[in-house]
Every structure is written in C-alpha cells, then in structure tokens.
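Engineer: Each protein sequence line maps, in turn, to chains A and D.
With this note's numbering, the residue at position 157 of the first sequence is 159, and numbering never jumps.
With this note's numbering, the residue at position 90 of the second sequence is 92, and numbering never jumps.
Treat the hints loosely; a few may be bogus.
Put simply, identical chains are the same to the list, so a pair is met inside one copy or across any two.
Subject to a maximum C-alpha distance of 25 Å in a straight line, what follows is the list of computed SDA-like cross-link-like pairs (lysine to any residue) [claimed, not checked]:
no.	residue 1	residue 2
1	K38	E13
2	K162	E53
3	K138	R6
4	K162	R28
5	K24	V57
6	K126	E198
7	K138	G179
8	K24	G56
9	K126	A190
10	K38	E116
11	K38	E50
12	K138	E40
13	K24	K102
14	K159	Q54
15	K126	E194
16	K24	R36
17	K38	R60
18	K38	L193
Please keep in mind that the hints were generated in silico from the structure rather than gathered at the bench.
Chain by chain, the residues run as shown.
Number of protein chains: 2
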Amino acid sequence: MYTRPLARLIEHLQRLPGIGPKTAQRLAFHLLRRPKSEALQLAQALVEATEQIGVCSRCFNLSAEDPCDICRQPGRQGETICVVAEPRDLVAIERTREFKGHYHVLGGLINPMEGIGPEQLRIKELLQRVGADTVKEVILAINPSTEGEMTTMYLSKYVKVLGPRVTRIAFGLPVGGDLEYADEMTLARALEGRREI
Amino acid sequence: MYTRPLARLIEHLQRLPGIGPKTAQRLAFHLLRRPKSEALQLAQALVEATEQIGVCSRCFNLSAEDPCDICRQPGRQGETICVVAEPRDLVAIERTREFKGHYHVLGGLINPMEGIGPEQLRIKELLQRVGADTVKEVILAINPSTEGEMTTMYLSKYVKVLGPRVTRIAFGLPVGGDLEYADEMTLARALEGRREI
Numbered sequence: 003m004y005t006r007p008l009a010r011l012i013e014h015l016q017r018l019p020g021i022g023p024k025t026a027q028r029l030a031f032h033l034l035r036r037p038k039s040e041a042l043q044l045a046q047a048l049v050e051a052t053e054q055i056g057v058c059s060r061c062f063n064l065s066a067e068d069p070c071d072i073c074r075q076p077g078r079q080g081e082t083i084c085v086v087a088e089p090r091d092l093v094a095i096e097r098t099r100e101f102k103g104h105y106h107v108l109g110g111l112i113n114p115m116e117g118i119g120p121e122q123l124r125i126k127e128l129l130q131r132v133g134a135d136t137v138k139e140v141i142l143a144i145n146p147s148t149e150g151e152m153t154t155m156y157l158s159k160y161v162k163v164l165g166p167r168v169t170r171i172a173f174g175l176p177v178g179g180d181l182e183y184a185d186e187m188t189l190a191r192a193l194e195g196r197r198e199i
Numbered sequence: 003m004y005t006r007p008l009a010r011l012i013e014h015l016q017r018l019p020g021i022g023p024k025t026a027q028r029l030a031f032h033l034l035r036r037p038k039s040e041a042l043q044l045a046q047a048l049v050e051a052t053e054q055i056g057v058c059s060r061c062f063n064l065s066a067e068d069p070c071d072i073c074r075q076p077g078r079q080g081e082t083i084c085v086v087a088e089p090r091d092l093v094a095i096e097r098t099r100e101f102k103g104h105y106h107v108l109g110g111l112i113n114p115m116e117g118i119g120p121e122q123l124r125i126k127e128l129l130q131r132v133g134a135d136t137v138k139e140v141i142l143a144i145n146p147s148t149e150g151e152m153t154t155m156y157l158s159k160y161v162k163v164l165g166p167r168v169t170r171i172a173f174g175l176p177v178g179g180d181l182e183y184a185d186e187m188t189l190a191r192a193l194e195g196r197r198e199i
C-alpha cells in the first residue's frame with residue numbers, strides 16, 4: 003500500500019510513545035509534502051542529539067558538555083542540591099526560576115517490582131557529593147508515588163547522617179485547584195502540610 | 003534549560019503537526035533514553051524517504067519507483083480510474099481491498115480562497131489519461147466539502163465529454179452510526195442517495 007521508504011518511515015515514527023499508526027501516517031505525509039530541507043533538518047537534529055548528548059559527570063543531567071551548563075553557572079549556590087528522578091523533572095523545576103542551587107538526577111526511582119534498587123540509581127554519587135562538598139540542604143523533588151516514597155525514605159536516611167538538612171517539596175492543592183474536586187490523597191497531604199499564616 | 007542539541011531536537015519535533023512543546027519534550031527524552039540505534043534509524047528513515055520518494059508519472063501517487071506499484075500491478079483494470087485529492091485518500095481506499103482499478107491523485111482540491119485553481123492540480127494529466135486510454139468509468143472519491151464539491155463539478159463536466167461514466171462515492175450514515183446522532187447534512191445525503199432494496 004505504501005511505497006517502501008514511506009512504509010519504513012511510518013514504522014519508525016510509530017515506535018515513538020503516543021504515536022499510533024494514524025498519527026505516524028499523518029506525520030509522514032506531512033513531512034513529504036513540506037520542503038525536503040525540513041525532514042533532513044529533523045534527521046540531522048536526531049543524529050546530533052544522539053551523538054552529542056551525554057550526562058554531566060557531577061549532576062547526571064543530560065548535557066552536551068561536561069560539566070553541564072547548570073553546574074558551571076557561577077551564580078548558583080552549591081550549598082543546596084535538588085534531587086530529581088529524571089532530567090524532565092529538572093526542566094520542570096528550572097522553569098519556575100525559583101531555584102538557584104545545583105541538581106542531582108537519580109536516573110529513576112527505587113522500584114523492587116522492576117528490579118531497580120538503590121545501586122541502579124546515582125545514589126552513591128549523590129552521597130559522595132554531599133560528603134565532599136559543603137552541602138547544607140538536600141531538597142527532594144520526587145513524585146509522591148509508591149516508588150517516590152520509597153526513594154525519599156531511603157535518601158533521607160542516608161543523606162541525614164552526612165549532616166545536611168533534608169527537605170521535601172510540598173504536596174497539596176494545586177494553584178487554581180478546587181477543594182471540591184481534589185482527591186482525598188491530595189487533600190490529606192494538604193492538611194498534613196498546613197502552615198501558620 | 004536544555005543542552006543545545008536537545009533544544010534543537012525539541013524545536014524540530016515541535017514543527018510537526020499536532021506536536022506541541024510538551025509532546026516534543028517527551029519524544030526527545032524518550033529517544034535519548036532508548037538505545038542510540040533507535041534515533042539513528044529514525045533519522046535514516048527520514049533521509050531515505052525524503053530522497054527516494056517522488057511521484058508516479060502516471061497516477062501521481064507517492065512512490066519510490068516510476069511507474070508506481072499500483073500502476074504496474076498486472077491484475078488491475080485500467081478501465082476504471084479512481085480520482086482522489088491526496089495520497090492518504092488513496093491509502094484509505096486501498097485498505098478496503100474493494101477497488102481493483104487505477105488511481106489518479108489530484109494533489110489537492112480547487113480552492114479559490116487559497117488561489118488553487120484547476121491548473122494547480124493534476125487535472126490536465128487526468129484528462130490526458132482519460133482521452134488516451136480505454137477508460138470506461140471515472141470514480142470521484144472526493145470529500146464532501148465545499149472545495150470537494152467544486153472539484154467534483156469541474157471534473158465531471160470535463161471528463162464526461164471524453165466519453166466515460168463519471169460516478170461519485172456514496173455519502174450517508176456511516177456503518178455503526180446512529181440516525182439519532184447523525185447531523186442533518188449527512189442524513190440529507192443519505193436520503194438523497196437511497197436505493198431500491
């Protein structure tokens with residue numbers, strides 16, 4: 003039905019998450035309708051990203067340089083380390099522009115069901131950083147899932163003995179949210195995390 | 003926030019239809035988490051599709067060969083030509099496995115608002131085919147939009163004078179559809195197209 007190279011392109015697009023056969027076909031036809039340069043630029047961006055991006059040897063964020071931009075930024079305070087599971091979580095926090103410390107990307111969460119223990123994550127490296135540098139606070143910015151809770155418990159235990167404060171981001175009603183529609187878990191967390199005004 | 007090659011990849015993914023910044027970020031992070039070969043294969047598929055796919059000089063379907071697979075298939079009857087606007091419409095009809103004739107891809111529909119007249123489409127080429135070959139029927143498989151109606155009217159006028167029957171695919175209640183929920187236009191078409199049983 004499709005000419006060979008088109009079938010192959012659709013097949014590869016379909017392997018991407020959230021892209022089904024219909025969307026893959028639409029994307030492929032779109033690319034073939036546009037000037038050739040567009041598809042070729044996308045191909046080049048793919049090759050360059052794949053070949054140039056590695057991880058920062060300090061914080062394990064995705065980076066084309068080592069150490070990464072954030073670790074090299076002079077205005078950042080190394081006394082605070084924000085621990086996240088994945089690079090995308092780091093991006094979400096950077097977007098707030100509220101955090102001026104350093105990061106540490108674990109590369110996942112403890113998940114015994116999938117055989118991911120502390121040794122599969124960059125926890126040893128975090129403890130080394132905390133032990134070596136003058137770190138005063140470690141902020142855990144980790145999702146409130148079962149795996150997130152386990153990882154948080156584990157980290158707080160091992161980081162605390164090295165000296166710094168260990169804090170966790172707040173969970174509660176989202177800004178613009180409505181008490182009436184919030185689920186019980188969120189409301190329970192919001193109550194638990196209440197603060198003096 | 004993103005390391006350079008990552009920002010570039012996200013930017014290029016975002017140019018695809020239906021892919022916003024969030025999805026582009028998710029796709030990029032996905033590709034970087036997977037084995038390198040996956041992104042490189044996608045890049046190669048893009049390059050090959052772009053460089054190898056042209057159009058069939060007979061039917062103007064997308065094809066890496068000329069004439070295309072369908073035009074060369076021996077079992078196909080050249081007496082019937084099915085006219086479609088875009089290659090994706092041809093694919094939709096091929097999926098039914100009901101049609102064993104040849105195709106003709108117009109490359110769009112007449113659309114005066116966007117300055118697309120009959121001369122921008124492959125209508126001249128269709129009329130040449132109909133005039134030269136022993137074509138007995140031309141089936142118009144064109145969407146029932148304003149542009150589709152205009153194109154259908156135009157084609158039927160110029161094809162008929164060359165001799166063949168001109169037919170149009172039926173419009174009506176979709177299979178599995180419900181009278182109660184069908185819009186008036188569809189129901190009007192269904193009534194108009196009623197047949198003896």
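Engineer: Now tell me, hint by hint, if it's right for this structure.
Structural biologist: Evaluated hints:
1. K38 / E13: both (20 Å within a copy, 17 Å between copies)
2. K162 / E53: Neither: 38 Å inside a chain and 58 Å across chains, both beyond 25 Å.
3. K138 / R6: neither (59 Å within a copy, 31 Å between copies)
4. K162 / R28: neither (52 Å within a copy, 34 Å between copies)
5. K24 / V57: between (34 Å within a copy, 22 Å between copies)
6. K126 / E198: neither (37 Å within a copy, 78 Å between copies)
7. K138 / G179: Cα proximity of K138 and G179: none, with 33 Å in one copy and 65 Å across.
8. K24 / G56: Classified as between; 22 Å across copies, 33 Å inside a copy.
9. K126 / A190: neither (33 Å within a copy, 70 Å between copies)
10. K38 / E116: between (43 Å within a copy, 23 Å between copies)
11. K38 / E50: This pair counts as both: shortest intra-copy Cα distance 18 Å, inter-copy 11 Å.
12. K138 / E40: neither (48 Å within a copy, 41 Å between copies)
13. K24 / K102: Between. Shortest inter-copy distance 24 Å satisfies the 25 Å Cα cut-off; intra-copy 43 Å does not.
14. K159 / Q54: neither (36 Å within a copy, 59 Å between copies)
15. K126 / E194: Classified as neither; 31 Å inside a copy, 74 Å across copies.
16. K24 / R36: Both: 19 Å inside a copy, 23 Å across copies.
17. K38 / R60: Answer is between; shortest inter-copy Cα gap is 22 Å, intra-copy 40 Å.
18. K38 / L193: Answer is neither: 56 Å inside a copy and 46 Å across each miss the 25 Å cutoff.
Hints 2, 3, 4, 6, 7, 9, 12, 14, 15, 18, counting from the list given before, are not met by this structure.
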